[in-house]
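Take these sequences, add in the hints, and give me the full structure.
Numbered by the working numbering, the letters in the first sequence go through residues -15 to 552 in order.
You may find that some hints are simply not true.
In silico SDA-like links for lysine to any residue, alpha-carbon gap of 25 Å or less [what the hints assert, rightly or not]: (1) LYS246 / CYS212; (2) LYS447 / GLU527; (3) LYS168 / CYS212; (4) LYS269 / ALA232; (5) LYS504 / PHE528; (6) LYS340 / GLU289; (7) LYS73 / GLU311.
Since the hints were derived computationally from the structure, they do not count as laboratory data.
These numbers were taken from a predicted model, which means no experiment stands behind them.
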Amino acid sequence: MRFSRILIPTTKETPNDATLASHIYLIRGGFIQSVGGSGLYNFLPLGKKVLDKVRAIVKDELDKAGCQEVSLSFVTPAALWQESGRFEKYGKELLRFKDRKNNDFILGPTHEEMMVNLVRQTVKSYKQLPLNLYQINLKFRDEIRPRFGLMRGREFLMKDGYSFHSSVEDMKREFDLMEETYKKIFTRLGLKFRVVEADSGAIGGSGSKEFMVLADSGEDTIVVCDNCEYAANVEAAVRKEKVCEAEAPEAVFAKFHTPDTKTIEALSKFFHVDPYYLVKTVAKKALYDEGKSEVVLFALRGSDELQIVKACNAVNANDLVDITEDELANAGLIAGYMGPTVVPEGLKVVFDTNLKDASSMICGANEEDHHLIGNSFVGVEADYHDLVAVQEGDLCSCCGEPMRYTKGIEAGHIFQLGTQYSEPLGANFLDENGKAQPMVMGTYGIGVSRLLAAIIEQNHDDKGCIWTKESAPFDLQIIISNIKDEDQVALGEKLYALMLEKGVDVLLDERKDRFGAKMKDYELLGVPHAVVIGKKLSDGLVEFVTRDGMVKQETSVDAIENILLKRF
RNA sequence: CGGAGUGUAGCGCAGUCUGGUAGCGCACCUGGUUUGGGACCAGGGGGUCGAAGGUUCGAGUCCUUUCACUCCGACCA
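Structural data, given as structure tokens:
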């Protein structure tokens, strides 16, 4: 390609809402264009090119693993989503609208329903299984607050795959195969990533893993162990049970007057007791389908923090929201003095598993200015769930070593779904005995457009993008410094023709710009290598540039051909 | 949804307080000079000042309503 012919609107100025490197450089480099704000982007030629390359790698590896590509209709009849029960559950992110006949439709944020519908109409026998179908298509999620450019847009390109099996074992085999396939994809893209244990979120299902591209700007917190392989999203992370070295406050059960002692910290000081022996009681409002809600108390040790996603899952709610003072009072609770043992009739209480069989605990009395001491939960029947947010320094449940936090960009997510969709949607097959069974499913996603952002988050400097080999918009850029210099032009054209002939994807910068402007653009675009034909051509010298680190290697005109032929 | 802010040329902004010819930088077009780090000179094109209503001889500017977007928070495969 000739630079003068391709639309690459680079800019010197940064859009004022861009804070992330990927957002800034993708826009400044003319890869993408914002569409009136609001999380929508156009892909310009260069951006489209990179997107296609990433997409091709995803497709290549999936096809090698035996997956088959399809394309589902983007607009989905709401009836399908009502069948699965997600029309209500998915919330406001789901864009719903009506057609001229007043029928409900949605724009697909993910396509379990559509794919199950496709399969249930066509697959009837165990002989047709297993099957792994995917598509790489636009998705739409009406994000509350789109930001960070391609990282969190409302419309985005996603690969979503769905597998169908006659048994759980076979689904697990496919799940492992997809994990390996995803690793190959991310490795080919040149990304540093980590596979982590994850929460299953709105899609539901059991075992799920996320593929996290490691970057400080990542929106997800992941807990990793440097000693072993354990890594998990903080939403799902577990730890080795904490022990407390401080002495337990032995006491007989009693009510204690504790004025103005509303926080764990204050309570700890008041009784001179380690927070480990205090019960933290957190009240939240749980939201369910059809606008139903209830107040729920979550009880855990004072030394722990509540993990909101775990808490939400524990009560099987769609959402947990903060509760107002008024709502607390209406529920018969007293802020600062809540406890899990004496609660108003009918109020749901969930205990953290760390409280199981705990003794010598102090908790609120649900009475102004009073706490209860000497509580024992030994043998107490209750609703126990893991509710704890793992903190940095907590010990690894696998090897016992301290763990730490790091940040990641969620670029892939694989789920073991089971029969969660096939059952309600009636996706059944006949087994060897002629008996109808629901198909066992897995689902696998990759945020393809998000990957562009992730690649740049991990590979950039203060000048612009540094694309990895397999993601780069071009393999090589040939820069003619001064197009009025006929020798420079002649050599540039010659090398350009040579590379084209070899099938190298090469960009020839033959614009009538000055040297500085062309170099700035080169750095912004981030093509891995460049040949700079400039002033020293009169001495028979040109430069071979490596974008990563901007390493310049001066070389003779005679040698450059060989360098190029050898490298590409 | 809560808090704060902004809407003026493709992008970034000034002008609004104190009403009176629509401005600046970047980008773009023409001509010339320039060519190793986003050049310079001269000339030029481009606007329903977010929308609607009101006050006024006159509104980008004042009043009312409304819409959109951004930032922080909440939220988020």
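Each hint tested on the structure:
1. For a cut-off of 25 Å, the pair hint linking LYS246 to CYS212 is broken: about 40 Å separates their Cα positions.
2. Simply put, LYS447 and GLU527 have alpha-carbon atoms about 19 Å apart, close enough for the 25 Å limit, and the pair holds.
3. With a C-alpha separation of about 21 Å, the suggested pairing of LYS168 with CYS212 holds against the 25 Å cut-off.
4. Pair hint LYS269 plus ALA232 does not hold up; C-alpha atoms about 33 Å apart against a cutoff of 25 Å.
5. Taking the CA atoms of LYS504 and PHE528, the gap is about 16 Å. The hint holds against a cut of 25 Å.
6. For the given pair, LYS340 sits about 17 Å from GLU289 by alpha-carbon distance, which is consistent with the 25 Å threshold.
7. As the CA atoms of LYS73 and GLU311 are separated by approximately 24 Å, the hinted pair is consistent with the 25 Å bound.
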